[in-house]
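A.B. asks: Heads up, the sequence shown is in my numbering, so the first residue is 8 and it goes up one at a time.
No lab work stands behind these hints: they were computed from the structure.
There's no promise every hint is true.
Listed below are the simulated BS3-like cross-link pairs for lysine-lysine, each with C-alpha atoms no more than 25 Å apart in a straight line [stated by the list, open to error]: (1) Lys517 x Lys483; (2) Lys487 x Lys333; (3) Lys517 x Lys529; (4) Lys483 x Lys529; (5) Lys487 x Lys517; (6) Lys479 x Lys333; (7) Lys517 x Lys479.
The following label-pair restraints were derived from C-beta to C-beta distances [claimed, not checked]: (8) Asp367 x Ser154: 45 to 53 Å; (9) Arg370 x Gly459: 33 to 41 Å; (10) Thr36 x Thr139: 18 to 26 Å; (11) Asn252 x His31: 14 to 22 Å; (12) Gln365 x Arg293: 26 to 34 Å; (13) Ala522 x Pro303: 36 to 44 Å; (14) Arg129 x Ala522: 28 to 36 Å; (15) Thr411 x Met8: 16 to 24 Å; (16) Leu492 x Asp519: 25 to 33 Å.
Ideal Cβ placement from N, Cα and C applies to all residues, glycine included.
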Amino acid sequence: MNVAELLDRQARDTPHALAIVEKHGGGRTTTFSELQERAAQGAALLLELGIRPNDGVLIVHPMQTQLYVALTAVLRIGAVAMFIDPSADTRILDACCALQQPVAYFSSPLGQLLRFRSRAVRAIELNICSGTVPGAIPWGRSLHMASSPSAFAVAPDGPALVTFTSGSTGVPKGAVRTHAVLLAQLEALRETMELQTGSVDLTTLPIVLLANLACGVTSVISDVDLRRPGRVDGAHAHEDAAACNVTSATASPAFFGRMLSCTGAAQTTLPSIRKIFCGGAPVFPRLLDELQNLAPHADPSAVYGSTEAEPIAHCRRSDITTADRKAMQNGAGLLAGMPVRAVRLRIIAEQSDQPISQLDEERFAQMTLPSPEAGEIVVSGDHVVPGYLAGRGDAETKFKVDTTVWHRTGDLGYLDASGRLWLLGRCGTRIDRDGQSLFPFCVETAVSDVPGVARSALVAVNGLTVLAVQPKVSDKDRLKGELQLRLGWARIDAIRFLHRIPVDRRHNAKIDYPALRRVLTK
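Starting from the given sequences, assemble the full structure and let the hints guide the process.
C.D. replies: Structure (structure tokens):
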């Protein structure tokens, strides 16, 4: 089944229901039938330009209605949508295009500037723009074209999306979502997030908006700059959520943090919200508590997953017991909750960077650690990406058990007696001293509950265990004393206060540990 057929189905079943509400520009709305019609016209344009099944189309566009029109058009004709972080340096951009040379480039007017930065992007034959830019084919041409016929038939293992990531090594790799994998991901998200036709969701996560479209959920895109979730206008996002009477909200911790920090959000709740899902970075209990105050009728949930496996586990605030909170305050790690039904999850002995060769079930069982031993989290399932473009990255992150492909998340964790997953940090971040192990999330989760701490990170620097703290208060001496009192069990050598702890560019919430070490060694 072609993923684009899901939109066709929604356009047929709920043609006049709103698919997307864009608050930018005064609030533009698009129904499911309008979205489907524009995507079908766009598909006709792509075919006229000579784009064929399995051709790659590089897409660089903000999270707007036009992005999903173009994406659906590409999928509709069996072509492959390629996504890359536009903030990546030129070397990464060129390397990504070398892995699979796109036949077309589609961008916003601002995205056209990427052609000046990257020789590889300039070399792409067809240049299409959602606006009007000299030298680019305007997408608006499609509005005067007859719709293309129904979505092309595709093979289940045919590529649908390629998402490029630089990875921890800086070497780009492209995660290939086939139509079958993407359909399975959307179904797993539907089940986990209880997506229902008629709901209204404020979301900042592109894959979630696609799942919303597949399930008949109205998506609200706030009039804020989603390229930097940690810097958005929280008051504006709060106003948009209230104005649209959203029934759910799905975003990263950084985005929700901005909503909570604004004066309006502190004074005004959002009673229409019944569900909140937070993911893309560690979600600590304190944030779930604050979200509960923001949306008193919701039961906020943390969702754990990755590009290659979304979702893996989720945890409702109401499922976190008093005993769980005490355990997290005393170094148990971060509770991620029960693995979702779609995933098969195991904990194996940490393999460092060594590839894992072909295994049979017996050997895999021997590698699997019992509860509650800590090791690397590995997952398998229909919604788990089976490989990367040209196989680059497969050896380090994939292995087979008989014929089943398993994905190595690169995260450390363990399963408790109830089968719940607890996170400890990234592989390679364990600090071993005097026969004892200390994991970053054990300390960072405990510290997250301390008033006055905005963010923290645990690293080893020159043989010392150092806790970096980004404070929210001016009295650092008092805060340091509180931290030392609470973390007596952690054997920390030094506490360093920083104005800002480095985080990832995408979600503005994951700690950039290599960058932090460079800061601390200066």
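A.B. asks: Taking the hints in turn, state whether each one holds.
C.D. replies: Evaluation of the provided hints:
For the proposed pair Lys517 and Lys483, the alpha carbon gap of about 24 Å is at most 25 Å, so the pair holds. Taking the CA atoms of Lys487 and Lys333, the gap is near 21 Å; set against the 25 Å cutoff, the hint holds. Restraint check: the Cα-Cα separation between Lys517 and Lys529 comes to about 22 Å, which is no more than 25 Å; the hinted pair holds. A hinted pair counts as satisfied when its Cα atoms are at most 25 Å apart, and Lys483 with Lys529 qualifies at roughly 21 Å.
With a C-alpha separation of about 23 Å, the suggested pair Lys487 and Lys517 falls inside the 25 Å cut-off, and the hint holds. Of the supplied pair hints, the one linking Lys479 and Lys333 holds, its CA atoms being roughly 23 Å apart against a limit of 25 Å. Restraint check for Lys517 and Lys479: the C-alpha separation of about 18 Å stays at or below 25 Å, so the hint holds. At roughly 51 Å, the beta carbons of Asp367 and Ser154 sit within the given window of 45 to 53 Å.
Distance hint check: the CB atoms of Arg370 and Gly459 are about 49 Å apart, inconsistent with the given range 33 to 41 Å. Checked against the given bound of 18 to 26 Å, the beta carbons of Thr36 and Thr139, roughly 23 Å apart, stay inside it. For the pair Asn252 and His31, the beta carbons lie near 19 Å from each other, so the given range of 14 to 22 Å is met. Checked against the hint of 26 to 34 Å, the pair Gln365 and Arg293 fails, with Cβ atoms roughly 44 Å apart.
The given range of 36 to 44 Å is respected by Ala522 and Pro303, whose C-beta atoms sit roughly 38 Å from each other. With their beta carbons about 30 Å apart, Arg129 and Ala522 fall inside the hinted range of 28 to 36 Å. Checked against the given bound of 16 to 24 Å, the beta carbons of Thr411 and Met8, roughly 22 Å apart, stay inside it. Checked against the hint of 25 to 33 Å, the pair Leu492 and Asp519 passes, with Cβ atoms roughly 29 Å apart.
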